[in-house]
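**Student:** Here is what each chain is made of, one letter per residue.
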Amino acid sequence: MKVYEKIIFGATCYGIGAAWNAGPDTLILEPGIHPGGEFADAFDPGSAWNGPLQTGEARWFRACLEKRNALRNGAFHLPALIPLLSSMILENGIGIRLGQTVTSAIPENGVLRIRTAAPEGELEYLAFSYLDTLSVEHAAIRKKSFHAAISSDTDALPQAEGFQRGAFPGEGYFKMPLETSCTYPDARLRLENFWRTRPAELAAWTVTGSAMRFAVKLEKTARRIAPNHLCVFSGNYENPAAAFDAGVAGKEAS
Amino acid sequence: MIRSVISGGKLVRTVCDDPREEFDIIVAGGGTAGAIAALAAASRGMRTLVLEKSCACGGIGTGGLVSNYYYGIRHGTHTEIDESVRERERNSGYLVRPNCFSPELKKIELEQRILRAGGVIRFEAVADAVLMRDDSAVGGLSWHEADGPHSARCRYVIDATADAQIVFLAGGAFRFGRDSDGLAQTYTLNYSRLRNGGRQINYGDGGYVNPSDSGEVTDEILHQSALLLKERFTPEDRIDFLSDHFCVREGRRIVGEANLTLHDVIHGVKIPEAVAWERSNCDTHNLDLGFEDDTMMLWCVAAMQWGRVLHIPVPRGALIPKGLHGILVAGRMLAVDHDLSQAVRMKDCMQFTGEAAAVMASLAVRMRRDVRDVPYERIAAELAWQDFSGENEKILLKHQHEIVEGLRSPSPGRAIWSAYRRGESGYLEPLLRESGAVRAHAAFALALLRHPDCLGVLRELAERRDATLAETPRNEPHRQEYGAIAAYLLGFLHDKTSVGILSGILRERRSATYAVNAWNALTRIGEDAPELRPVIGEVLEASALADSPPLFIRCFGSDRPLGILNRMRILTAAKLDRWGIPHGIHAVLDRTELTAVEKGIRKRCGR
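Those protein sequences? They're chains A and B, same order as listed.
Quick note: the first sequence, position 150, residue 150 per this note's numbering, numbers continuous.
Quick note: the second sequence, position 449, residue 449 per this note's numbering, numbers continuous.
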C-alpha cells in the first residue's frame, strides 16, 4: 500500500494551500463536494480582504479574484470561490478525493493508518503525517453563526451588525449569531422567524438560500495531537486568501 | 452483533459489542425518500432515528434545488407537507420561484414535523458499517459524527441513501448502469443564478458518473465546477450559490425480491402487490441512445415513445433486498432495471416510496414478522392509493384501420407500437409498396415484429441518410432521423447485407447518433456472423483510430459537449479482443489522457 507523505482532511483553503507545493505524495480527503466549503458552504464571504499576505501564491490567488471581478473594494463575490479553487486543484494536479469522511487516524509502526467512510465502503490510507483542517470539537467553539444568502433588486443593504455586502449590487449575506449548542433545525427556525418579521428597511431583500453548514470560530486555530498529527482549523482565518496563505506557508496559528 | 463493511472492495465481518442505544427504525439518509420515511415511521409511534450526511432534510428536493415536480401522482404525506410549505411561504421573505416551492422552507417543514412526531435527527452523520444479527439479518447501524463513532440497534433499517450504501455494506446484491458500457444516467450539478433579471436554477446535465466511485465523482465535480469560472464575473449574469448535493439520477439499484423491468411495464405484464405508483415518461437524458438496450431503443427511438407517460406500479418486493432481512430501501435504488430507472426516479414517487417503506417496516415491527410475511392487504390499506392498473394499455390502438391511419400520419409512434403489440404483419406489408413516409413507418413496425420484408426499405432509408423526423408529443432531442433509426434496426435484425451501408455511416460520422447506431448494428451483425468479423473488424478499427471528424453528443438541457470517441475506442477494442482480431486501439488508448469515467469503462472491459 502506498504511504503518502501527508494526508490532509478537508479541501479547505488552508488544506489546498498546504497541498499547493507538496507534490504527488500528498492527498486531500474531503467529505463534501465543494473545495473551500468552510467559507462557500457556510455563506461566509470573509473579512479583511486587504490584509497582508505572506506568500506569493496567496497574493496571486487574491489577484485572480480581483482580475475576475469577484473581489471588488474588499467585497467578495463568494460563489466565485468554488470554481476558482476547483480550477486551481485541476491545473496544479493536486491529489484529492471528494466524498470521503475520515473516521480514524491511528498511529501504527511510525505511520498513520487513516480510515475513511467512502462511497466504495471503508478505505484505508497510510501516511507519514496527517493534517486535519476541518474537524470541529464542540467544546472548542468560540463563536457560531448561521448565515443566509440574501438578494434584492435594490442595493440598500443596511450598514448594520450581521449584514454584509457581496461584490455586486443586490448581493448580500445575513449572519445570525447563535449559542454554541444551537442545532440546525433551531437555527433555520430562528432565521425564518426573524426574516418574517424583519425591519422595514429589509423589506426588499429575500432569502435565496441558507447556509449548508454553520460558520464557526474555534478558541484555537491550531492544535497538535501528535508529532505527525496536526489540526489547523481553516475556518478560523479571516478570509479564503488568508487561509490559503497560511496553508502555503505552513503557518499553524493566527 | 457482527459489524459488516466493504473494506478495500471485500466484505469484512467482525464480531462487535451490542450498542446500548436502540430504535425501532433507523432511516439512513434524510433526503427525498428518507425524510418522508422517518416522518411516516415516527408518526406511527416507531422510535425512529434518521441519519443525514448533510445539514438538512429533503435531499435533491431541498439542498439539490429541484423545487418543482415532474409528472408524478400527488398523493401521500409529502403532498400535505408541500401544502404546509405553501402556507409557510406567505410573507416569509424567502425566494419562491414560479411553479416551485421554497426549498429552504421545505427543509424546515420536514425537520419540524419529524421532531414533533418524536423522531430523532442526526445531521452531518455518515453511516460507515451495518450491524448484523447473523449472516443475513440487519440489526443496527454504526455511523460517524464530528465527535466520533456512534452506533445503535434497531428492528428495521430503511436504506434511503440513494446509492443503496447500507445494502452494499451489508453484502447485498445490486446492479449498476447499462449493459453496453456500464454507464448509468447523466447527472447535474445544480446552482441558483441570476439571469435576465430573474432567479433561475441551472439544471443542465454534466455528463456520466458512477456515484459510488469517489474518483469519478471527484473528477466530474471539479471539472464541472471549474467550468463556472468566468474570465470576468458580472452583476447581471451571476451565480447565487452552488448546491451541495450532487444530483445523480441513477446509482446502485438493489436486486430485490421482485425486480421490475421496462419491458414488463410496456408489455402490459400484470405486476402484483404495488406499494407505490410512478407516473412519468421514460425520461432518459442519455442522448447516446444507441448504447442503451433494445427495449429502450425500440420504445424510445423506433416507436418514438420517449415522451409517453407511463403508470408504473412499484411492487413490495422491489423495496426488499434479496437475501437480507431487517432492511428495506426507499428512493431511486429500488429493484428496477436500468431502463425503468429512468422513469422510476421522480420526486413524487420517491417520496412516496419512503412512506411505503415506513408503513411496511412499522407493520413488521408491530407484528413481529419479517416484512415479507406482513399481509399485503394491511400495507395497501395504510397506503390507500388509486389503482392505475391497465392505464398503459390505453395507448394501444385496437383496430387495424386505426393503426394504418396512424402509420400514414406524420406522428406514427403510437401506431408503430400498437402494431408491434398486436403481433400481426399481413395488413402492414402492402404499406411498404406505397409512397411517402408511410413506407418507413410500416418498415419500422415490421422491424419490431422481426419481419424480413422491411429490410429493403430500411436499407434505403439508411443508405440515403433519410433526414425525416417524426412528430412526437414533445418533439424531444431524442428523436432520431429515419436514416439513423433504420441503421439501428438493421443491426437489430442482424442484416448481413447492410454491412456496406453501415460501414459507410460509421466512416462518415455524420453525427454521433448515426455513428453509435451504426457501431451498434455492425457489432451485432459481427456477433451473429463470425465470417464477417474480419471485414467488420477492419471498419470498426479504422473508425476507432480516426481522430476526426469529432464525435460528441450534447448533454441534455445544456450545451456541454460530451466526447464519445474514447468510449467507442474502448468498446471497440474489447469487442475486437473478444473476436480475436489484432488491432492498434489499445496503443492509442494507452497514449490518451482518459477521464475517470473512461478509465472506469476500460477497467470494466478488463484493462
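To be clear, the hints were calculated from the coordinates, so they are not data collected in a lab.
There's no promise every hint is true.
[Claimed, not checked] So the derived list for chain B, only partly shown, Cβ under 7 Å to chain A, looks like this:
(1) 126
(2) 214
(3) 594
Yeah, the Cβ is synthetic: ideal placement off N, Cα and C, and Gly gets one too.
**Student:** Okay, which hints does this one fail, numbers in order?
**Tutor:** 3
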